[in-house]
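From first to last, the protein sequence lines stand for chains P, X, L, R, D and V.
According to my numbering, the stretch in the first sequence is residues 1 to 275, in order.
According to my numbering, the stretch in the second sequence is residues 276 to 550, in order.
According to my numbering, the stretch in the third sequence is residues 551 to 825, in order.
According to my numbering, the stretch in the fourth sequence is residues 826 to 1100, in order.
According to my numbering, the stretch in the fifth sequence is residues 1101 to 1375, in order.
According to my numbering, the stretch in the sixth sequence is residues 1376 to 1650, in order.
Each statement offered as a hint is correct.
No more than 27 Å apart at the CA atoms, straight line, and that leaves these computed lysine-lysine pairs for DSS-like:
1) X:K438 / P:K85
2) L:K713 / R:K866
3) R:K892 / L:K713
4) P:K163 / X:K316
5) V:K1442 / D:K1263
6) R:K1100 / L:K713
7) L:K591 / L:K635
8) V:K1538 / D:K1167
9) X:K342 / X:K550
10) L:K825 / L:K617
11) P:K163 / X:K550
12) L:K825 / R:K988
13) V:K1442 / V:K1650
14) X:K316 / X:K349
15) L:K591 / L:K825
16) P:K67 / X:K438
17) D:K1375 / D:K1174
18) X:K316 / X:K351
19) X:K438 / P:K275
20) X:K360 / P:K163
21) D:K1263 / V:K1650
22) L:K617 / R:K988
23) P:K275 / P:K85
24) L:K591 / R:K988
25) V:K1538 / D:K1185
26) L:K713 / R:K910
27) D:K1141 / D:K1174
28) D:K1141 / V:K1538
29) D:K1375 / V:K1538
30) R:K988 / L:K635
31) P:K41 / X:K438
32) D:K1375 / D:K1176
33) V:K1416 / V:K1449
34) P:K163 / X:K342
35) V:K1416 / D:K1263
36) P:K74 / P:K85
37) R:K1100 / R:K892
38) R:K899 / R:K866
39) D:K1263 / V:K1460
Hints are computed from structural coordinates only; laboratory data are not their basis.
Fair warning: this is a prediction, and the values are worked out from it, not measured in the lab.
There are 6 protein chains.
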Amino acid sequence: MQFDIERIVHTALMEDIGLGDVTSMAIVSRDTTMRAELVAKEDFIVAGLDVAAAVFHHLDSHVRFEKIFLDGQKVKRGDVLAWLKGSALMLLQGERVALNLLQRMSGIATLTARFVAAVDGTGANIVDTRKTAPGLRALDKYAVRAGGGRNHRIGLFDGVLIKENHIAAAGGIAAAIAGAREQVPHTLKIEVETRDLDEVQQAIDAGADVIMLDNMTNDEMVRAVELIDGRALTEASGGVNLERVREIAETGVNLISVGALTHSVVAVDISMLFK
Amino acid sequence: MQFDIERIVHTALMEDIGLGDVTSMAIVSRDTTMRAELVAKEDFIVAGLDVAAAVFHHLDSHVRFEKIFLDGQKVKRGDVLAWLKGSALMLLQGERVALNLLQRMSGIATLTARFVAAVDGTGANIVDTRKTAPGLRALDKYAVRAGGGRNHRIGLFDGVLIKENHIAAAGGIAAAIAGAREQVPHTLKIEVETRDLDEVQQAIDAGADVIMLDNMTNDEMVRAVELIDGRALTEASGGVNLERVREIAETGVNLISVGALTHSVVAVDISMLFK
Amino acid sequence: MQFDIERIVHTALMEDIGLGDVTSMAIVSRDTTMRAELVAKEDFIVAGLDVAAAVFHHLDSHVRFEKIFLDGQKVKRGDVLAWLKGSALMLLQGERVALNLLQRMSGIATLTARFVAAVDGTGANIVDTRKTAPGLRALDKYAVRAGGGRNHRIGLFDGVLIKENHIAAAGGIAAAIAGAREQVPHTLKIEVETRDLDEVQQAIDAGADVIMLDNMTNDEMVRAVELIDGRALTEASGGVNLERVREIAETGVNLISVGALTHSVVAVDISMLFK
Amino acid sequence: MQFDIERIVHTALMEDIGLGDVTSMAIVSRDTTMRAELVAKEDFIVAGLDVAAAVFHHLDSHVRFEKIFLDGQKVKRGDVLAWLKGSALMLLQGERVALNLLQRMSGIATLTARFVAAVDGTGANIVDTRKTAPGLRALDKYAVRAGGGRNHRIGLFDGVLIKENHIAAAGGIAAAIAGAREQVPHTLKIEVETRDLDEVQQAIDAGADVIMLDNMTNDEMVRAVELIDGRALTEASGGVNLERVREIAETGVNLISVGALTHSVVAVDISMLFK
Amino acid sequence: MQFDIERIVHTALMEDIGLGDVTSMAIVSRDTTMRAELVAKEDFIVAGLDVAAAVFHHLDSHVRFEKIFLDGQKVKRGDVLAWLKGSALMLLQGERVALNLLQRMSGIATLTARFVAAVDGTGANIVDTRKTAPGLRALDKYAVRAGGGRNHRIGLFDGVLIKENHIAAAGGIAAAIAGAREQVPHTLKIEVETRDLDEVQQAIDAGADVIMLDNMTNDEMVRAVELIDGRALTEASGGVNLERVREIAETGVNLISVGALTHSVVAVDISMLFK
Amino acid sequence: MQFDIERIVHTALMEDIGLGDVTSMAIVSRDTTMRAELVAKEDFIVAGLDVAAAVFHHLDSHVRFEKIFLDGQKVKRGDVLAWLKGSALMLLQGERVALNLLQRMSGIATLTARFVAAVDGTGANIVDTRKTAPGLRALDKYAVRAGGGRNHRIGLFDGVLIKENHIAAAGGIAAAIAGAREQVPHTLKIEVETRDLDEVQQAIDAGADVIMLDNMTNDEMVRAVELIDGRALTEASGGVNLERVREIAETGVNLISVGALTHSVVAVDISMLFK
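Here chain P stands alone, though its shape is the one from the complex:
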């Protein structure tokens, strides 16, 4: 993940700073040193502290950045997440990018933790999707893990997910699964999307490793889980929200995928205060 962090941090700083922070360069002396704190303005699960550190270190390896919390921990309004010290010019230039990353990642971790808590004790795992902010997938998926969720495939390259269009192209679920089994590295499981119990039965017969239950009612899912009977992992997908997630988990599915974890992120509120 370190190469992704480097790329993301570099791109974000270039985008924000360009040829320079004209305000600070005009006003702040190059020799001024400052100390600052990252302070939580509400309660949340923190994620991204190492990424925030990487922002300042990309600008200036001499900035000191000390974490007080670790990613995945719960913080309360008023908690100091980390403090940093270094050239005032560098602190001012990195502030916005560091906060943008930290606030988004903590927002993801916090929402994920809510979903995870909602299914507590059911045995179901909350997983993410590929509905991430373009360019930020590595961080979005890391933040899901920090919040207690698990990752679905990272991209199209590291997981097989046979959808409606693939089934149509192959001429049926059995043919699609056989085709994939024939071609993809043996290190990958074969997951197939199903819309009703008939398709679930076909997926079982074709030896799917994972069966996605797409937009099914809770009742349908209960029957699908019974039908599958441990021969494949089961994943509930579609229309999952905090209100409904517990009921879904109680159908006995193994995995519940939630697009909102990463496609509709509410940034948490964090300030960088100079001392």
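For this one, chain P is given, so just place chains X, L, R, D and V on it according to the hints.
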């Protein structure tokens, strides 16, 4: 903006596809052609159709992409936003990235339009901030414009915004403004952040071009606007939400900046349906 | 794979051409058009014709490149693989890079095809490894497929392979498998390396999806296959060569991985003849 | 060469690791430190130890890497080439890339040394060609030097080599040499490819600095060397192998170019053993 | 600016060194350490010492580089600007690039200082243009500041300059200014190019923030300044040279832009002497 | 050279345009098409027309660009060099970058042509140096050729030039030449810098291919040329200007290198006029 689109689209496709869509490559023939439609699953303001087209064209310049709506238009649930036709493999590989971009950008435009509508007739403009998704600023800011908002400075390089720390470093508002005036290109206005009427007065006296009223009450803003009396642009900032924005606009400020436009985006729901 | 081809072709051309082919630029007129043929100088399985085309198209989109064979086909000494026509300067500048790629890829396909033929009828699949030329993995692995082999995981990111060091770090096979199951995306199978039947038994008990039989004798492999009895895929690894591969396949293993396919490539002989 | 090493190492690590070594990240603690040794599994000439070190340092500047041999030295089966110590996660992630580079480079050095030994005492030099692995030319050519060979031109930009097509385009050897002399930087020698003694004579008359004797018999080469009589360097090219190279050297040519040094590399066997 | 320095230094070193300094690598031992001095061969204003340092540090972070002068200072023939110590190979490889940058930047600073001196006491500022060496704008503009000049907009993105074509497209000065005011970030001033007093009047009426007086005679400029009477900044542009610049400044304009500062740079003479 | 042009054009456009030409985007309709002419405002030798075309084509492949002159031709004040037609937005965005490149390159060609004319009939060639604008070497050297000059080595990688420091490191001219001969590709000539006739004699004895006469008087050069008597090429270097160049040429040297051709470029005056 075209270079940013190229960079963003390239990065997002690399991130999602890597060495290839193993599922589609195993199942879908290289010669299959498909037609698909981008369909709105709710009402919203659309933004990003050209970017979605760029995703498919980056994969394959032969894909045909026809817009039916233009960015900034209001669409209703069920509307077809665009249709496209080309290699099934390319359509399947580009689908998720195109939707991720289009759903985020339309989410921004839609929220912006709500803020703009809320201040209708007051003369105030809604402006964005630098609280954007790292790497996506060009698109985030474009989407704000599509929703009827206006852009604040793009980054630290194209606008002067003197904040608390700068004032402290310079030894006062007057000194900070003078320092900036001395150094920055004459093409840039000088904006200064103020927290009370005393600071507003100092900013006026120092010849600020734009005065930010930071976290002030409506009453304070009314008095600030009177005090300034057209000698500088005024910008309300801090704690702005849809409930409160109309009142703020009625204080007479010229600009209202809203971080949530881009830091807490709710993706709109759009599907890509294959026909 | 198209992004990899672009990167590889661009890098190779930069490396070979730099500021220009000083010889051709001094002697050959910019307006001269030439026709050339790629001719096999021995019998082999061809792979890389589209990549060779990409070399010339990267230099000049106007070069015409017509394939006469398809990747994966057997060609005989004297066969014309493709012909091309275009600016003499571009043909001369692309020649070496195109041949270097085509000769290496065809060498891989040809060797792979020999291994595949050697196990014909046994049900075993020949798979590659990560022992590829740095930077060329996408092409090396594609060439293996062109030769009738199958791909193992592409890199460290899309497959789980628990080796000796992981087992030591985790404190045993069971703990290592459980740890991986807990953390990695559910789309990935868990493969574990074993060195004797005792470890094979542990891997079965821990529910491994794939069991690698590392440097075992044929007898050991026969017994391992019996022990596993279809509960996991089996992969023979270590010391595989053309002499021994048939016996290995007859032990009943599902997969035989061969590092030499890509780490010790003998380039086939191909000439580009100008007409 | 340092920029090439950086590029090659970065590309190779990205290719192999992508978003991360899912196995090691799941199983190995971030705090574990390990020691490992690079051990020769056969006799060979080593090349690439600094490049192997660069792989680990690119991942983590804190890894300690101590060479025990130097590039160009002969090592025996069982020799420890280098030892390294650092984060277990980093050692595991860098292992395959480091070995892939080191095994290929040592394979090139070893084969080169065999050719060099074969011509010992004749005064002829063994030189490489442009038939290198795309993207790896700097390392391939370095390894040739480590094996005691010399480099021909690096690419099309730093040497003039007038071939059949150039002669045809110019209308003869004399015209081609004159054209090149007129245009290319005076820092470059003019080499021309000849196929028989008549062409050799033309090359001499036109003042070629280097004359390549392409696919000539030993007898022809003897006569060519006599004819040239020190007025130009001579290079034997085409169909050179270990069996024939001594005879070729004894014809009196100055240089013998061998494509196989880099186009058909047999990787030497090296293991990385964790202690 | 640090990212620009990194890019420029990297590009320049790649361009000059490529695969290596063949001369030094053949002759100079890798272990030799050298000391060198950068010595002024004429009088000038120095600029670019940190950039020169960055060249050597990019090659080798162990090179010691000690500045004796600071950018913007006047140096005399014979002055030692800085001394450096490190690997002879690195010093030799960085020499030309460091000098090329330092000589150009000091040339710009020196010419700028002459223009600044010429208008001393008039209140006019000397500003640069976008007529910079492609790829080097950040350094060219920095050198102007080192010479006492000020920067006009950096590029098309951070300043509004309405020219003849824009006015034609908009249908007049008033419409063009109104259009820009409507669209561009409020952080940017609106500058408009005028060719006569009538256009100046239109610009005033439309509320331009800055009025460029393009290719006007001194008399016209005097009248324009009177007409504008402090309601906008004024910029003289076109045909400015050292002979005429004082007269122009005495017309009362605020800014005088000089393309020659960066488009026709005479490098100052600096040597790197090894001790 | 095409890869260099792509890199340079891309970098220059990014640098100038960034997120966009805010002025034109606000005022000029996306649908407006314009026609423009590149017009000479003085007499000069043109160079760079294809590069100027590449600027516009990089922005928009639909822009039509028709050259009326060819690089290397003499143009007179008022001549139209090329005309172009396309989206007004693209023409306005590319204008400055295209002119910056064309004006610099034509400035180099024009100055070179003056030096070439000054030595007409003497048999001496004017050559450039490595004193080019960082990042622009390929274009600077191309422009020298367009002006009738010849190129010295492109960088440190494609030519051997043994200077004072190398001689000191090697322990004398003979040792330095022998060391280089031993190591560098045989495709490169060996050039050595000499400061007096004694060193010239040493260079001859050591078999130098090219002898640089560094900062010698005309008399010394006459004697050096006699001494060398055709056994090596001769290059005059140091303190060459238009006044002195003819005398130098008449000493009988083969090459005269002129740093000012590229380190002190006076841009020619060219306008882009919209019709």
